Amino acid sequence: MDLLFLTEVVLSGLMTGVMYSLVALGFVLIFKASGIFNFAQGVLALFAALALYDFLAPEGWFNQLFGFTLPVPLAIIATAGVMVVVAWLIERLVLRHLVNQEGIILFMATIGLAYVLEGTGDLLFGSDVKPLDIGLPRGASDQLLDQYGLYIEKLEIVAAVTAALLVTVLAIFFQKTRIGRALRAVADDHQAALSVGISLRTIWVIVWAVAGIVALVAGIMWGSKSGVQFSLSLIALKALPVLILGGFTSVPGAIVGGLIIGVGEKLAEIYIGPFVGGAIENWFAYMLALAFLLFRPQGLFGEKIIERV
Amino acid sequence: MSESARNLAKTNGVMLSVEQISLSFGGVQALKDVSFEIREGEIGAIIGPNGAGKSSMLNVINGFYHPQKGLITYRGVARKQMRPHEAARQGIARTFQNIALFKGMSTLDNIMTGRNTMMRRGLLWQALRAGPALKEELAHREKVEQVIDFLEIQHIRKTPVGRLPYGLQKRVELGRALAAEPTMLLLDEPMAGMNVEEKEDMSRFILDVNQEFGTTIVLIEHDMGVVMDISDHVVVLDYGRKIGDGTPAEVRGNRDVIDAYLGVSHD
Amino acid sequence: MLYRETGQFKSSYTADQAIFPIAQDRWGLLATLAIAVFVVPLVIDDYLVNAVLLPFLIFSLAALGLNILTGYCGQLSLGTGAFMAVGAYATYKLVTAFPDLNLIIVVLLSGAVTAAVGVLFGLPSLRIKGFYLAVATLAAQFFLIWLFYKVPWFNNYNMTGQITMPTEYLFGIQVTGPGAAPTARYLFCLGIVVVFALVAKNIVRGRVGREWMAIRDMDIAAEIIGIKPLQAKLSAFAVSSFYVGMAGSLYFGVWLGAAEPGEAFGIDRSFLVLFMIIIGGLGSIVGNFFGAAFLILLPLLLKNLMVDGLAMEVVTAKHIEIVAMGTLIIFFLIVEPHGLARLWQITKEKLRLWPFPH
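Protein chains in written order, with the numbering used here: chain A, 866 to 1174; chain B, 8 to 274; chain C, 341 to 698.
It cannot be assumed that every hint is accurate.
[Stated by the list, open to error] Once the Cα atoms are required to be at most 35 Å apart in a straight line, the calculated DSBU-like pairs of lysine-lysine come out as: (1) A:K1041 - C:K469; (2) C:K690 - B:K150; (3) C:K350 - B:K110; (4) C:K690 - B:K110; (5) C:K688 - B:K150; (6) C:K541 - B:K39; (7) B:K142 - C:K688; (8) C:K690 - B:K165; (9) B:K142 - C:K350; (10) C:K541 - B:K150.
In case anyone wonders, no lab produced these hints; they're calculated from the structure.
Given the structure is predicted, the values throughout are model-derived calculations rather than measurements.
Bound conformation, chain A alone (with noise of 0.2 Å):
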């Protein structure tokens, strides 16, 4: 066996498991602290990638409404201005409605959610494959290259740094000040946080918010891989298996869960995909989050379920 093909492979892997986590993470945000399965979560990805491509291309609305395009700075943080306004709508709209509805119904919910953003997304912006160029590093990393023989690429390390940042700032955030609290609060019992005087709808805001900022990252860091298509929404479902190894409220587990199906994925496809035809992406980290689930159904990191009667 190769070894440094396998590190490549592995590498990879991690790689691609850094990206399933950034979707995951999403996930994991708005299901600590609502409760809900946010089915719209690859969605709200791809709708962020949509607004920022229109925000930078030249027949985009912006330009043909205002007359110019922005500059990549100001692009991003308008498009994160748009995935709160979204996030606003969708509590104002959706979610006020459905309080205290049982979790199968808000789930439901929300895959009518993912439906109408994807629909409202093609009307406005088109389904055609967009390049996204923001000026993030393209191309393999000279260095390892050189140095290692490994061939990884620089967007994916940046990728994997982003995911880093973004991990510490949210767990610090749900940990150390008031409206983190706050959103576990509401996370464990909508009516209890409601009678203490948590204020439920800004909360919603406030997380899908955050939910819809994560989003927009992943789409950038997708978006540029592999242009904004609709196959973008698709990695939601990616994520499922992902939230399954890594338990459904742990951020840390949105990761570990992401670095381990990327590299399962990668490693299955590699060594055991010949033997049956290749193309096992497709359901090989389903049937291993599902081998997960018949051991340990409350997956690594998540909270052990205790039946009250």
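On the provided structure of chain A, position chains B and C as indicated by the hints.
Just chains B and C now, with coordinates in the frame of chain A:
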């Protein structure tokens, strides 16, 4: 002699006996070395301050919790732990502190589920319905209607239980337990949240069940008046240990029990 | 005034437990059936059958299946598309291996095969609940579609990757394959759907249905009163998959005639059926028909309105359709989470009082 008759003879009239039951969850010790006996046909009450481990004790008896230590002897057969459906099939039925009814179904359907363990007809007969499955359904429906008559809930037969007021829900839950024609009935705070009239009705039902069908009853209850009035035998728990065991009169005068309830500080 | 129950007393439990205790309901159903069997065939053509009637019947059957699993037993499944594929491929293998096998037997066997597969993928439900179970069904969805693509035995080593339904006859009348009369195809599906709707209603009214609902409402309590979760959940998976498999068989065999795994049975199909049971009403038998009708007719109406009426591009219309579906789902979940079935029930209750206000 049949096996069950042999068992009963072995039991000397003791329906249930728990010995040295210890139960803990992680670091919390819910029960420590609890032992007592419930005789056949008696009404036994388990009382004690909040958090004493009373519900946990019931949960151990019907197999929902598994004790780390101790023995449960039911109808002459000793075991280290029960399994819920074993308990159900051997004639133990129960109600719950927080009402565990099936909120999506009607009163009638809920009580019918109490008879599910006795219904045998398989899926294919169910699909056809006419014939054996229907006959079985009707036979059980008759029994269930008898329970409904007994508990005077005819008027809410078809109402989804989620819409019923608390007191009626508790009655339906009792109905579901009775429909199983249990040998032993475990009642977890059957009178919680009821007013005086409702408590009187519930007490009457419990006494009737005990007297008419000979059902052994174990109940957890906070209302001392009720406990003293209807029970034959009282077991007192505090902080997971047994601190009293005897007739209502004996327990009433027990110093430890009085201390526990009045809240004398423990060192 | 029309819909009164006065004078209709039940003197036996049988009468009380009938599917339609109220006489007017019975007449209404018989009338609908009579129209469906005798009147409709007189007015149908290929278009109506292909665009409306067959998809309506087939998706009603699939919805019946999914509703049993998700609506009655509370086990969320996102693998409906893949299970329809199992039914379709089972049908294909059966008719190509045994061309003289009775078509009804083929459909039933396809259902049975799917039931077995369903039970296999349902085994995790004994350990896993809720969303986690949804992931297990997604595993089934992706894995099975991959399987049908990759393993050439399934499409009889056909280069195109497609499976095509050969011509089959039932009692001398051609039901599948090109040239089959619309009436024949329609009545075949109608017969199966009516029979199995009745079967479903029978099952959910009895012991098994109550077990499913008990597991759905509070599985811990169900276990404590003696219901075996293993049997209940697996029987739900089995029956549900049987129905979905039959739907897949008809979908491929009678309606489309040809299929490719990803396109015909992908995850969008799973969502479509899920939406049908949400809009139609979880835990309802009649609701499945409402939901299927709604989600079959709506895109048609939208398309006619937008593409033909307002001269929009097909692509744009498709996007608007997606937005509309999503909005409808959210709307129903907010306004009436119990779906059209509940609205129908409320309408009937109001009708009983009409023309009096209360």
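- Task: List, from low to high, the hint numbers that the structure doesn't satisfy.
- Result: 6
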